[in-house]
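Could you put together the complete structure from these sequences and hints?
2 protein chains.
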Amino acid sequence: MWFFETLYPDLKIGVKGDIIHEEKTPFQDMKIYHTSRYGKVLTLDGVIQTTQKDEFIYHEMLTHPLLLSHPKPQNVLIIGAGDGGILREVLKHKVKKVTLVEIDQAVIEVSKKHLATINKGSFNDKRAKIVVGDGAKFVKNTKEKFDVIVVDSTDPIGPAKVLFSENFYLDIYRILTKNGLMIRQTGSATLQLTTLKNSTKTLKKVFPIVRTQIIAVPTYIGGFFSLTIGSKTIDTAKVTQKAINQRYAKLKLKTKYYNPDIHFACTKLPNYIGEELR
Amino acid sequence: MWFFETLYPDLKIGVKGDIIHEEKTPFQDMKIYHTSRYGKVLTLDGVIQTTQKDEFIYHEMLTHPLLLSHPKPQNVLIIGAGDGGILREVLKHKVKKVTLVEIDQAVIEVSKKHLATINKGSFNDKRAKIVVGDGAKFVKNTKEKFDVIVVDSTDPIGPAKVLFSENFYLDIYRILTKNGLMIRQTGSATLQLTTLKNSTKTLKKVFPIVRTQIIAVPTYIGGFFSLTIGSKTIDTAKVTQKAINQRYAKLKLKTKYYNPDIHFACTKLPNYIGEELR
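These protein sequences, in sequence, are chains H and A.
FYI, in the numbering used here the residues of the first sequence are 1 to 278.
FYI, in the numbering used here the residues of the second sequence are 279 to 556.
Source of the hints: derived by calculation from the structure; they are not laboratory data.
Keep in mind it's a predicted model, so treat the numbers as computed, not measured.
Everything hinted at is true.
Partner residues aside, some chain H positions facing chain A, computed with beta carbon under 7 Å:
| no. | residue |
| --- | --- |
| 1 | 11 |
| 2 | 12 |
| 3 | 15 |
| 4 | 218 |
| 5 | 255 |
| 6 | 261 |
| 7 | 270 |
Note that beta-carbon positions come from the ideal geometry of N, C-alpha and C, so glycine has one too.
The structure is reproduced here in structure tokens:
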């Protein structure tokens, strides 16, 4: 059986597979397919979110560049990411506490059941605190401060739209510590260039340092996929190579995509992307 | 109307468009579609070869890294690439002669007619010599020597298989000048990893320096796409940044993807690719 992603009206990717879970949650239409190419694939509202085979790319690149650029990240906040992949990567660092705020409990439950290779028991780590709730409300109301905040939301259509707003980023800024950094996905650098441009513009209003990372994820069609960092003082692209090498080695990090060379290489943009973001 | 690429049995990309040319040549089944997303799209045997919208990525990255790493490239050979895109980019350099050997005259003709934005009159440049013939035979028989050779073949299934063989690379080595370099496409670094691994192994038998570049092309699905360089003396990743900056500036190169930062960044491999090629 073929299933096709329906993200774009004139473009689609099809993967052969069988549907093994289907659920209308209060927030979205959730499906899990089993494919021989990518293992299990999670879709929300018809859009591929993660696959067992290539999830490591997105999850590593949303975490290690920030956590290794910060000299001592201790308190981390994750918005979204109910599959647990980000949490797994953050917990590889010497953090004291990681709070994950996911709006849709069903995503957590189905991920625990079907995507255990992604969350790998991270929900049970003593440092992890799982909150089922609205990420925008959480950042508005929390009294805590965080060193690193990872926003792993769906695209700015539907429920996640608020997570792309200036007010949301102002709240994020407020709850970051002095040298804090945040990162979020900002879509395909070609197919969703408007998302990337608008996000960059909005983030630049709030953060003195904004840095774009480009990565290639097989199941996110459209060439480079973008992740954008907003930071108070630390520019991940200007930390010394030596510091990154040392921290990476000291943690004995086992990564499949990230390495200290990629740390810097992923911030070098082709002209056609760089020129759009100036 | 949707058309779907048929390169993989369990995976496909679909683009909405209209067919505007269809031809069975003596070598392959050739089609041109018009799409609003990617402009005109050329397919050979059902596989997307190039599109007006994103062709610059592949064409720039198969040429400038070599032509700027070589101190004085004068004589260049292109195998395949009947659409003229590689030729266009090579002619931006101070070369004396560029020979293009394309096996299928129909590809040249249809590209002149439908893909003029790609070849941009380069077939009429006085420095260009167009040969309709078999690339493998050409490299076996030519008495000329070349500074740079670009092999732009289809995948190693069907007629292009010989262009992935050790004997072919031995001929290439023989007809390269003392500091000569060659480059070829070696497929998606995930979906065609076997092609990349085998090509790397074969090239290492022939060339003292083998270097992998990774690029992201929206219409080549599967994450990073790989280009592999075989070289006698020059490592494109170890040329000085200063030399590349100077040569790029001196030529006043107008590029949409390539720039001196990308020159080096594209040689930094994620662990899951790098480890496979060691």
